[in-house]
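Undergrad: Each chain, written out:
2 protein chains.
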Amino acid sequence: MAMAELSAPKTTSTFLNSSSRLRLSSKLHLSNHFRHLLLPPLHTAPNSKISCSVSQNSQAPVAVQENGLVKTKKECYGVFCLTYDLKAEEQTKSWKKLINIAVSGAAGMISNHLLFKLASGAVFGPDQPIALKLLGSERSIQALEGVAMELEDSLFPLLREVDIGTDPYEIFQDVEWAILIGAKPRGPGMERADLLDINGQIFAEQGKALNKVASPDVKVLVVGNPCNTNALICLKNAPNIPAKNFHALTRLDENRAKCQLALKAGVFYDKVSNMTIWGNHSTTQVPDFLNAKINGVPVKEVITDHKWLEEGFTESVQKRGGLLIQKWGRSSAASTAVSIVDAIKSLVTPTPEGDWFSTGVYTDGNPYGIEEGLVFSMPCRSKGDGDYELVKDVEIDDYLRNRIAKSEAELLAEKRCVAHLTGEGIAYCDLGPVDTMLPGEV
Amino acid sequence: MAMAELSAPKTTSTFLNSSSRLRLSSKLHLSNHFRHLLLPPLHTAPNSKISCSVSQNSQAPVAVQENGLVKTKKECYGVFCLTYDLKAEEQTKSWKKLINIAVSGAAGMISNHLLFKLASGAVFGPDQPIALKLLGSERSIQALEGVAMELEDSLFPLLREVDIGTDPYEIFQDVEWAILIGAKPRGPGMERADLLDINGQIFAEQGKALNKVASPDVKVLVVGNPCNTNALICLKNAPNIPAKNFHALTRLDENRAKCQLALKAGVFYDKVSNMTIWGNHSTTQVPDFLNAKINGVPVKEVITDHKWLEEGFTESVQKRGGLLIQKWGRSSAASTAVSIVDAIKSLVTPTPEGDWFSTGVYTDGNPYGIEEGLVFSMPCRSKGDGDYELVKDVEIDDYLRNRIAKSEAELLAEKRCVAHLTGEGIAYCDLGPVDTMLPGEV
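For the record, the sequence lines run as chains A and B.
In terms of our numbering, the first sequence opens at residue 1 and continues consecutively.
In terms of our numbering, the second sequence opens at residue 1 and continues consecutively.
Worth flagging that the hints you see were computed from the coordinates, not collected in a lab.
Bear in mind that the values here come from a model prediction, so they are computed numbers and not experimental data.
Take these hints with a grain of salt, some might be off.
[Unchecked claim] Derived DSS-like pairs (lysine-lysine); straight-line CA-CA distance at most 25 Å:
(1) B:K244 x B:K392
(2) B:K117 x A:K345
(3) B:K327 x A:K184
(4) A:K327 x B:K117
Sequences and hints are given; from them, build the entire structure.
TA: Written out as structure tokens, the structure reads:
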């Protein structure tokens with residue numbers, strides 16, 4: 001920071017809406033009308049949001065009155081509660097307008113990597129100030145405070161606001177991006193149908209909340225698994241948001257697939273392009289070696305071991321997560337966060353000429369004959385405006401068509417199993433005997 | 001990646017020194033001659049380093065022969081074993097020469113944040129290719145493999161090589177930067193003198209290794225605690241490396257101090273400058289509110305609660321780590337990694353006009369009358385060439401002088417306690433009854 005650029009000291013601080021922001025609120029937003037099948041209603045604790053403000057020389061606990069209840073506000077992430085006129089300062093007046101980014105599962109390990117990347121400017125660029133809206137569970141609220149403290153201590157100039165809370169109707173207010181990571185892991189003995197229902201309810205609720213309070217053009221990236229069907233549930237509960245704005249993360253699969261092809265070919269991974277992951281983020285996913293290229297040449301011309309391509313390659317991609325847990329003792333939070341960054345950057349920067357990226361998107365109007373009304377990973381390109389278009393001229397041979405059909409069938413079965421959450425009637429679960437969850441992933 | 005820029009596919013891959021790199025080595029480097037005091041000799045397992053290579057269409061386990069022993073190499077981080085001519089390609093020919101960066105404690109949580117920042121280009125810039133040399137313990141070697149796998153899956157274009165191993169004499173070969181994070185945490189009932197000795201032995205060994213195999217101008221940043229005295233031990237064991245090249249990390253303290261002043265003043269943290277941490281990274285550290293500025297004005301003119309400055313401020317900085325553990329359940333790995341990035345960037349980018357940063361450096365020739373032969377945090381500036389100069393005209397009043405003297409006395413006591421590790425005779429430990437370790441830090 002150049003000293004010459006520093007303005008005179010402010011003698012007083014300005015707070016916008018300080019009275020409305022300095023509070024502990026306790027509101028109830030339930031979406032019970034789909035909660036009638038398979039499981040008893042979940043216990044729904046009153047959601048709460050902590051927001052805060054400081055005034056000069058005042059760090060004492062603040063008593064807050066709301067709904068006739070007095071609570072003591074013990075901690076305040078004051079720095080992020082201040083409001084600023086970025087246009088008034090030399091260093092920040094050329095910055096873009098602040099954007100609001102919501103992250104759910106914000107106290108988890110993936111978020112612990114992602115949030116610091118978002119705050120540093122590594123995702124949206126060095127002239128894009130951001131506000132982080134952190135959604136957690138009741139159980140994680142203390143950990144969320146810890147995350148906010150570490151964000152404070154990191155002094156990121158672009159990070160101007162941090163809110164933490166457990167109510168999506170508050171946290172999603174006016175957000176332009178929502179990265180939905182939080183989901184329950186499958187417990188011992190839990191059937192896949194149960195997992196679909198439990199997590200589906202979370203994403204139904206969050207879809208409703210986004211529909212009601214988010215920016216009308218919010219972009220939503222679902223990471224919590226099963227992410228394709230969670231994304232579908234989310235978009236079906238948010239009819240006012242374009243379905244095209246919802247994504248399911250298959251970028252880690254794409255990145256792993258590129259790396260495995262590079263390893264096999266003995267080239268560096270930056271030589272692999274045009275990598276598509278088709279279908280579901282599950283073991284039915286189809287990493288497409290037919291259309292991928294190495295140094296601009298079709299993979300099958302570079303890697304002559306076609307038996308490996310057809311039989312070993314997909315498995316090498318899918319087993320990566322499980323292998324990593326074996327080695328490292330925990331799941332791949334760091335590389336998942338990197339792939340989330342990649343997925344967002346692919347939407348906010350123009351796709352390089354001739355290349356594409358994979359993302360799970362709504363199938364309506366797709367040129368590949370994939371059943372409409374699903375969230376399916378396909379090759380996409382972007383002009384860098386947050387939107388994308390499907391790549392339309394990708395070759396599909398019989399091998400690929402057959403594999404894609406299996407993933408499509410799986411997603412259709414998942415869809416029938418969550419019909420009660422998408423407003424499409426009574427759920428019917430027949431997911432088959434085979435467990436199609438990726439090893440080592442929750 | 002623009003397709004037009006892709007070159008024709010290679011039909012064969014080139015490997016430099018593939019025979020020397022494709023191996024599991026097992027060498028013994030001991031530094032026993034200082035291990036004669038206070039503790040029985042540590043059990044020293046044979047150190048090992050795993051390095052690897054791949055050839056086209058060959059992913060099967062590789063049998064490696066060395067020292068008459070045949071081992072089976074089960075995993076290969078092949079992508080990082082390939083060698084490249086960066087000058088031959090359009091996209092990379094303008095890049096700087098590759099630098100080697102060693103990180104110890106590489107399987108730990110701080111490293112798990114730091115490594116991905118280094119690899120992404122966030123520290124050394126978008127045109128600086130890097131090689132990461134990951135040092136771990138025998139116990140962590142599997143976890144290190146997991147880290148290398150996640151780095152592979154992240155497809156960072158700038159990350160060209162990853163080596164993992166447990167022998168500093170191999171991992172530190174030709175490194176231009178060494179970030180020394182690994183240290184043992186204090187176990188229950190362990191005296192501070194024991195901790196100094198145990199960790200001191202690690203840093204003595206690593207100093208010797210750096211002295212022997214690192215780049216002669218290697219920059220060393222010690223993070224593992226007690227970091228000032230560890231840095232002193234390290235530099236005393238590396239007489240061929242300029243003592244000026246060794247740093248102890250006090251940047252997290254500086255960042256926290258800036259945040260606490262901002263909170264108190266009700267301003268955003270980017271308004272706080274000229275923040276010095278004096279002395280030891282311990283509870284005797286001195287966050288300097290006399291010379292720090294808010295919006296270019298001395299802090300004492302902006303914050304009129306001088307009682308808080310003298311009594312509450314330092315504690316608010318020091319208790320941050322412990323408070324965070326309370327909230328978040330683990331130590332502040334993410335913000336520590338951010339502060340390491342800040343510390344490195346302060347040395348490789350020019351310091352803004354009129355400002356400075358804090359880092360623990362060797363005291364020889366300091367203008368503040370601090371005893372020579374210590375590693376002491378002081379205000380510094382850099383031209384961005386990796387080197388620094390002390391800021392010489394900082395005002396020290398009686399309050400500050402008194403506080404600085406206490407931290408100096410503590411460091412002198414620590415130094416006497418590790419005399420057996422610095423080649424200065426027989427250790428004498430009298431660290432006093434007060435525990436001066438920062439709460440919540442290992």
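Undergrad: For the pair supplied as a hint, K327 of chain A and K117 of chain B, confirm whether the alpha-carbon distance does not exceed 25 Å.
TA: Holds, because 22 Å separates the two Cα atoms, which is no more than 25 Å.
Undergrad: Has the given pair, K327 of chain B with K184 of chain A, been kept, meaning a C-alpha gap of at most 25 Å?
TA: holds, 22 Å
Undergrad: Please verify whether K244 of chain B and K392 of chain B have alpha carbons no more than 25 Å apart.
TA: holds, 16 Å
Undergrad: K117 of chain B and K345 of chain A: Cα distance at most 25 Å?
TA: Answer holds: K117 of chain B to K345 of chain A is near 16 Å, not above 25 Å.
In summary, this structure violates none of the numbered hints.
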